[in-house]
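Enquirer: Below, each chain spelled out in residue letters.
There are 8 protein chains.
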Amino acid sequence: MNKKVAIIMGSDSDLPIVKGAITTLKDFGVTVEVHVMSAHRTPKQACDFSSNAKANGFGVIICAAGKAAHLAGVIAAHTTLPVIGIPIKSSTLDGLDALLSTVQMPKGIPVATVAIDGADNAAILAAQMLAIEDEALSAKLEQMKQAMTEEVLAKDAKLQAEL
Amino acid sequence: MNKKVAIIMGSDSDLPIVKGAITTLKDFGVTVEVHVMSAHRTPKQACDFSSNAKANGFGVIICAAGKAAHLAGVIAAHTTLPVIGIPIKSSTLDGLDALLSTVQMPKGIPVATVAIDGADNAAILAAQMLAIEDEALSAKLEQMKQAMTEEVLAKDAKLQAEL
Amino acid sequence: MNKKVAIIMGSDSDLPIVKGAITTLKDFGVTVEVHVMSAHRTPKQACDFSSNAKANGFGVIICAAGKAAHLAGVIAAHTTLPVIGIPIKSSTLDGLDALLSTVQMPKGIPVATVAIDGADNAAILAAQMLAIEDEALSAKLEQMKQAMTEEVLAKDAKLQAEL
Amino acid sequence: MNKKVAIIMGSDSDLPIVKGAITTLKDFGVTVEVHVMSAHRTPKQACDFSSNAKANGFGVIICAAGKAAHLAGVIAAHTTLPVIGIPIKSSTLDGLDALLSTVQMPKGIPVATVAIDGADNAAILAAQMLAIEDEALSAKLEQMKQAMTEEVLAKDAKLQAEL
Amino acid sequence: MNKKVAIIMGSDSDLPIVKGAITTLKDFGVTVEVHVMSAHRTPKQACDFSSNAKANGFGVIICAAGKAAHLAGVIAAHTTLPVIGIPIKSSTLDGLDALLSTVQMPKGIPVATVAIDGADNAAILAAQMLAIEDEALSAKLEQMKQAMTEEVLAKDAKLQAEL
Amino acid sequence: MNKKVAIIMGSDSDLPIVKGAITTLKDFGVTVEVHVMSAHRTPKQACDFSSNAKANGFGVIICAAGKAAHLAGVIAAHTTLPVIGIPIKSSTLDGLDALLSTVQMPKGIPVATVAIDGADNAAILAAQMLAIEDEALSAKLEQMKQAMTEEVLAKDAKLQAEL
Amino acid sequence: MNKKVAIIMGSDSDLPIVKGAITTLKDFGVTVEVHVMSAHRTPKQACDFSSNAKANGFGVIICAAGKAAHLAGVIAAHTTLPVIGIPIKSSTLDGLDALLSTVQMPKGIPVATVAIDGADNAAILAAQMLAIEDEALSAKLEQMKQAMTEEVLAKDAKLQAEL
Amino acid sequence: MNKKVAIIMGSDSDLPIVKGAITTLKDFGVTVEVHVMSAHRTPKQACDFSSNAKANGFGVIICAAGKAAHLAGVIAAHTTLPVIGIPIKSSTLDGLDALLSTVQMPKGIPVATVAIDGADNAAILAAQMLAIEDEALSAKLEQMKQAMTEEVLAKDAKLQAEL
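Just so you know, the sequences run in chain order X, P, U, R, V, B, L and S.
With this note's numbering applied, the first sequence closes on residue 163, and no number is skipped along the way.
With this note's numbering applied, the second sequence closes on residue 163, and no number is skipped along the way.
With this note's numbering applied, the third sequence closes on residue 163, and no number is skipped along the way.
With this note's numbering applied, the fourth sequence closes on residue 163, and no number is skipped along the way.
With this note's numbering applied, the fifth sequence closes on residue 163, and no number is skipped along the way.
With this note's numbering applied, the sixth sequence closes on residue 163, and no number is skipped along the way.
With this note's numbering applied, the seventh sequence closes on residue 163, and no number is skipped along the way.
With this note's numbering applied, the eighth sequence closes on residue 163, and no number is skipped along the way.
Read the hints as simulated data drawn from the structure, not as lab findings.
Just so you know, even glycine gets a beta-carbon here, dropped at the ideal spot from N, CA and C.
Among these hints, one or two may not hold up.
If you want a taste of the chain X side facing chain U, the calculated C-beta under 7 Å gives, among others [to be verified]:
no.: 1; residue: D12
no.: 2; residue: V34
no.: 3; residue: T42
Work the whole structure out from these sequences, hints included.
Expert: Written out as structure tokens, the structure reads:
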């Protein structure tokens with residue numbers, strides 16, 4: 001059976017950003033489970049979810065959090081599954097705090113960090129991980145890449161026509 | 001019985017910085033317990049320690065960690081005791097990552113953050129918290145403040161003599 | 001008699017941020033006194049307030065200031081009570097100036113710094129300090145923590161229903 | 001057959017940092033291929049390597065580069081394999097330039113970024129990706145995690161004996 | 001025959017900024033060709049364009065990109081023509097990521113970087129390069145400089161009249 | 001009688017940097033008084049010094065402090081004399097904390113800030129202020145400026161001879 | 001005759017910020033002359049103005065500029081009068097570029113830098129400089145300081161009434 | 001006759017960095033003239049040099065300066081030749097001040113900025129500009145590019161042999 005991807009956000013206010021990841025993964029046909037969980041407000045639930053994620057059929061966990069974004073690190077502490085972190089921009093410091101809190105993990109517990117508010121890329125990265133041993137998914141990624149190329153070429157052609 | 005202070009460091013490499021806090025608290029006659037615990041490598045021990053800290057007679061917990069410093073936040077998630085965070089400078093980014101990871105806590109779970117590598121101040125702050133209801137400790141803090149003033153005045157007097 | 005908490009803001013323009021701290025402390029049943037005082041424009045009043053705060057029944061002082069935020073440091077210079085600093089975001093530099101001016105205190109005079117604009121957390125931290133020796137307040141903090149957990153769990157349940 | 005991991009560094013001066021990743025992966029029994037390739041000085045070789053990496057049996061590509069670190073992004077542009085980026089600290093800006101150049105990838109082409117100079121974590125992350133469908137490797141990761149925990153516990157025990 | 005200038009933007013969303021460069025160069029009578037090309041989404045097209053730019057009559061290439069802005073570096077890797085980079089401000093980090101990704105190029109492959117969103121200056125710089133051996137263009141640059149001076153003097157005169 | 005310049009440093013560890021200011025002012029024939037005083041450790045002495053500085057014959061006050069550098073701001077709060085701030089680089093954050101704490105003063109209380117560790121310039125600036133109404137001092141400043149020019153010209157001449 | 005203050009802005013778009021300085025100085029009865037001049041677009045005019053400023057009766061020059069703010073430094077290069085720099089926030093980097101370009105002057109040529117967009121403080125600082133030898137102006141500064149204190153006290157009184 | 005390149009450094013302490021540019025340009029057979037000139041200490045000489053540079057046979061001017069690096073901007077103000085800026089790292093702020101002071105030029109006066117301490121790249125960029133209309137120089141740049149590629153390939157081959 002195919003592995004699922006979990007998307008955990010530290011606050012439901014992160015949903016507008018995180019939605020891009022949900023859609024992208026569903027487009028790839030990947031089964032997604034989405035949760036609001038907090039490293040600080042529901043630490044027990046976060047630890048339990050992470051500790052059992054592998055047994056529950058997950059292959060990758062995506063975590064989105066802002067400010068002192070500890071969620072991805074805390075989730076990563078309880079699993080050997082790859083954990084992807086999306087630093088969320090909040091009202092101060094333009095996302096730099098969340099970026100550094102997510103990416104600068106100490107030796108032993110990596111978090112695969114994507115760009116600030118980079119939810120789509122988190123989803124693509126999760127799909128790339130699952131595709132290492134899944135040729136069908138790999139082919140879908142190849143198609144998406146091709147489509148991106150064609151989209152840029154079309155924009156360039158449109159620009160040539162307009163200028 | 002007087003409340004104890006716990007000092008937890010994320011790595012034993014933080015000990016040279018943390019030693020200042022241990023000495024300062026012992027000078028105030030405060031009972032100190034020091035641990036190496038990691039939010040990422042020993043999360044269970046950290047959670048357990050924090051969850052039981054109040055019952056075990058602690059009044060304040062000091063946490064020292066570098067890089068994506070999640071330790072203070074994770075400890076704070078499991079207790080209602082005040083938690084003090086010391087951001088530790090590591091080999092890159094001059095401590096800014098640890099500072100932001102410690103101080104920018106989301107609503108609901110504060111960490112009382114002191115300066116980067118500011119272990120002495122963490123100890124003084126812990127003593128100040130305990131002294132709210134402890135006149136003897138409060139008097140010792142007042143003496144320390146007086147001694148600091150006299151030390152600066154003595155340095156100024158020495159400077160006047162030299163120049 | 002229970003210790004009071006003072007909330008001092010450097011400018012009345014900080015009131016919209018600071019209001020969160022006032023409400024939170026009142027919800028905990030803590031007596032709050034709020035002042036506009038400036039380290040630079042009313043230094044004498046600030047020094048006097050701080051010097052007499054302990055005698056006047058205060059247990060903790062919260063200071064909110066923006067830009068080169070000296071207020072918390074100046075207040076801390078005149079008291080042995082714990083001082084909490086809230087760095088306020090102003091029109092330039094996204095609060096980084098206030099954060100560094102508040103948190104990077106020199107040895108001997110700590111300021112317990114919370115997140116930029118983190119007034120609610122300042123209030124919770126003040127309550128945590130007072131609760132070290134106040135079981136009733138400690139119980140209220142425990143309830144608030146429980147309520148936060150339930151709020152996140154409810155949001156997660158709602159999300160499961162919607163997706 | 002098991003997938004290989006490629007480690008590409010932008011300059012042979014990155015080898016002291018990158019060695020940690022080589023050792024870690026070999027300890028996991030993962031086959032590693034190491035190259036010096038530059039996004040700017042050998043762009044053709046980098047593109048060719050990346051375009052053919054999947055066909056050549058690679059499952060993950062790790063890229064290490066400093067300053068305006070384009071290597072991981074350029075490699076990611078030519079493959080659907082997951083690409084891990086290690087920002088390398090150089091003589092100015094303390095690694096911030098390499099971090100931002102690696103992590104802030106535009107929509108469509110993710111790079112799984114680890115901490116500045118975080119080569120060990122890049123290796124662990126690569127192993128975690130390969131382990132999604134490899135129970136033996138997953139067990140080794142679990143053992144490493146266990147060993148890390150025990151190492152910290154031992155350090156704590158030693159500290160208790162010493163203090 | 002006079003050398004042309006190519007303006008390449010990483011995304012068509014950069015056009016509002018880039019338009020200033022197009023207009024400025026056309027005002028100088030320089031032939032401009034504008035493209036949407038991406039270092040990550042159309043890497044082959046970008047490489048081909050750059051590799052053939054000199055043979056196709058271009059003298060300078062201007063590249064505009066945001067976030068982890070690799071476009072100018074990738075273009076510079078395939079040509080000996082001077083490449084000018086315009087870092088584009090995006091929704092996080094205020095353009096600092098694009099600036100560092102563009103300017104901090106490693107030894108051997110320079111990118112002539114202008115200010116964040118500095119498209120007009122990129123155009124003037126391109127004209128200055130072409131004018132090294134083109135006295136007519138040099139004279140036009142001199143006139144533009146003169147006009148700028150007069151515009152400031154006129155504003156000062158207007159200010160004197162108003163105040 | 002000519003106005004004196006006061007140089008106040010927050011810590012005697014700042015003396016190696018501050019010495020440049022003392023020497024420079026003495027070379028101009030300006031009477032200098034040097035003190036160690038702390039906004040946090042000797043606030044009363046700092047306030048008293050500042051409040052009486054004008055009456056005691058000072059024309060300018062120079063303050064040097066590191067980290068959360070409040071000294072210049074606190075001195076400026078108690079006087080209408082111009083106050084010059086020298087941000088001192090300490091062991092973390094490369095002086096950025098001291099710079100922002102010194103320069104970002106709120107409306108009403110300016111601090112004339114010079115470069116990080118820029119003690120010589122603080123002295124020259126103080127002399128420039130005193131020279132507004134002192135033609136002899138103004139002439140000395142003109143001579144120093146001339147000497148600087150000649151020093152650079154000599155270095156250029158030496159370089160021409162060597163290359 | 002009393003010395004005048006010159007206010008020079010690099011662009012007429014700085015006028016909304018600079019107006020605060022004009023008003024403040026006029027309120028002090030200081031004669032002000034305001035100019036638009038650019039270090040880059042009207043360098044000759046800027047040099048001439050600065051070279052002759054002392055002879056033309058100026059005592060202080062205030063310069064306001066954004067981005068790579070060279071204006072204050074260029075003006076300071078041609079005079080021994082004290083030069084005050086106001087870094088202006090522009091559309092990127094939140095004023096940090098202008099601040100560093102203004103304050104980090106090399107040895108020999110100080111610029112007295114105030115806060116980003118701190119035009120009022122620039123005016124007060126200029127008045128403080130002129131007041132060193134002008135008791136009437138000094139008295140006005142003392143009155144303004146008193147008024148500021150009373151304004152804060154009134155706001156505090158109003159707050160006490162409201163809460 | 002071939003155009004010359006001028007290399008101007010703000011201080012002779014920049015020579016160790018700048019030497020790389022001198023050697024590189026001489027290797028290309030470009031005539032180089034090197035000067036110590038300061039925007040602040042020898043402004044007249046800098047203006048004169050720049051104003052006459054084109055008439056004196058220069059095609060490009062390279063400027064190296066640290067801290068509030070105004071040199072490149074001031075030189076660019078007086079010429080229509082392309083000006084290349086090398087931000088020099090000094091003892092504080094890791095070169096960020098020099099980078100922002102050099103690159104963030106206002107509209108109308110570009111400075112082609114290279115990496116902090118990137119003197120070699122400044123030289124290559126200058127050669128690229130001169131090579132727009134100089135096929136022989138263009139061929140040399142192509143050879144250098146080829147040599148760089150071969151150097152990296154050789155390093156990779158060596159690495160394959162060693163590992």
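Enquirer: Please flag the earlier hints that this structure goes against, numbers listed from lowest up.
Expert: none
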